[in-house]
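Generate the whole structure from the sequences, applying the supplied hints.
Residue numbers (the working numbering), protein chains in the order written: chain A, -6 to 167; chain B, 935 to 1036.
Check before you lean on any hint, since a few could be wrong.
Stated by the list, open to error - Here's a subset of chain B near chain A, in silico, CB distances under 7 angstroms, partners left out:
(1) Ile972
(2) Arg998
(3) Lys1009
(4) Gly1017
Unchecked claim - Label-pair distances were calculated between CB atoms; the ranges are:
(5) A/Val72 / B/Lys1002: 35 to 43 angstroms
(6) A/Gly85 / B/Gly971: 24 to 32 angstroms
(7) A/Leu144 / B/Asp959: 43 to 51 angstroms
(8) B/Ser965 / A/Asp139: 49 to 57 angstroms
(9) A/Gly88 / B/Ser1034: 26 to 34 angstroms
(10) A/Glu143 / B/Ile938: 43 to 51 angstroms
(11) B/Lys1033 / A/Lys61: 30 to 38 angstroms
(12) A/Gly155 / B/Asp959: 44 to 52 angstroms
(13) B/Glu949 / A/Met132: 44 to 52 angstroms
(14) B/Ser1034 / A/Leu144: 36 to 44 angstroms
Said to hold, decoys possible - Which chain A residues stay away from chain B? Per the calculated CB distances, all over 10 angstroms, these:
(15) Gln14
(16) His66
(17) Ala70
(18) Met82
(19) Gly85
(20) Val89
(21) Ala91
(22) Met97
(23) Ile130
(24) Leu140
These aren't lab readings, by the way, just hints derived from the structure by calculation. Virtual Cβ for every residue (Gly too), placed ideally from N, Cα, C.
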Amino acid sequence: MSETTIKQKSETEVKEVSKTQVKKMLFILSKGTLENAYAAFVMANGARMEGIEAEIFFTFFGLEAIQKKKLEHLHTATVGNPALHMPTMLGGLPGVEALATKMMKKEMEKLDMPPISEFLEILSDSGCKLWGCKLAIDMFHLEREDLIDELDGVLTIGDFYGRANEEGTHLLFI
Amino acid sequence: MKKIIADREIDVNEEGYLVDFKQWDKEVCRSLAEEEGISMTERHWDVIEYLQDKHQKEEPLSIRGIKKSGVINIKEFYSLFPGGPLKKSTLIAGIPKPKSCI
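Have a look at this one:
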């Protein structure tokens, strides 16, 4: 594809984005890996930056991302992750997962992607609501003080569906 | 594309961003802000100045940069330019829309 074609394409896409019908994005983060947390955070922040409302519901292993003691220790999985192109046996060796995570964090820092704790602050200040899942919090025996101060509250899934209260709301499970 | 802003013919792209910063001045700025439903205050000007300074130094703009700017915090930034703060503030500042995803 020539350079001009690429340029034209991106301009059309930009025009489409500016006419979005999305009014509100509701994310459910259920996984505790680094890349899944970032996926939710980047999309939620991106929504706010476009004037779209955003909320994140942290459930099951997604709760790792809002636990004070754990949030800076999220890893990217090196076993069972074919996209890393690493033999499974190697991925399971001690230290390999930590190394892969470190390398990924370094690349993210180069792109000025904030660490998890700073990202949560940015999201909260941007008006993105952050919710904990009641069932999962009970299951993991977590207390309010284990969770970040920015958390807006603890909800049941029914309460969270109640947040989808306007036309143009979308729910996304990560 | 040409657009009449503050009684003058100004070159803009399809999204309404100024193509030539030399055509920008405070009159144009006020007029652009008004179109976005924003009436300029001293705090708005502080932000515009910061964004233009960053642009001149060719430093990319991001929400994280706003947090670290020392000029304004994120909460105030959102309240000054509601509904897409970086998008709107850069339009008003007469500089290109930031390309970053963060």
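So is A/Val89 really clear of chain B, every C-beta pair being over 10 angstroms apart? For A/Val89, whose nearest Cβ neighbour in chain B is about 28 angstroms away, the distance exceeds 10 angstroms, so it holds.
Determine whether the non-interface label on A/Ala70 survives the test: each CB of chain B must be over 10 angstroms from its CB. It holds; A/Ala70 is separated from chain B by about 23 angstroms at its closest Cβ, greater than 10 angstroms.
Holds or violated: 44 to 52 angstroms for the Cβ distance of A/Gly155 and B/Asp959? About 49 angstroms separates the Cβ atoms of A/Gly155 and B/Asp959, which means 44 to 52 angstroms holds.
Given a cut of 7 angstroms on the nearest C-beta pair, is the interface hint for B/Ile972 held or broken against chain A? violated (13 angstroms)
Using the beta carbons of A/Leu144 and B/Asp959, state whether their distance is inside 43 to 51 angstroms or not. Once the Cβ atoms are compared, 45 angstroms apart, the range 43 to 51 angstroms for B/Asp959 and A/Leu144 holds.
Regarding A/Gly88 and B/Ser1034, is the given constraint of 26 to 34 angstroms on their beta-carbon distance met? holds (33 angstroms)
Does B/Gly1017 pass the interface check with chain A, least Cβ-Cβ distance below 7 angstroms? holds (4 angstroms)
For A/Gly85, which was marked as not at the interface, is the minimum beta-carbon distance to chain B over 10 angstroms? holds (32 angstroms)
Holds or violated: is the Cβ of A/Met97 farther than 10 angstroms from all Cβ atoms of chain B? Since the minimum Cβ distance to chain B is about 15 angstroms, A/Met97 lies beyond 10 angstroms and the statement holds.
The output says A/Leu140 does not contact chain B. Does that hold with a beta carbon cutoff of 10 angstroms? holds (21 angstroms)
Minimum Cβ-Cβ distance from A/Ala91 to chain B exceeds 10 angstroms: holds (25 angstroms)
Closest CB-CB distance from A/Met82 to chain B, is it above 10 angstroms? holds (35 angstroms)
Of the numbered hints stated above, those contradicted by the structure are hints 1, 6, 14, listed in ascending order.
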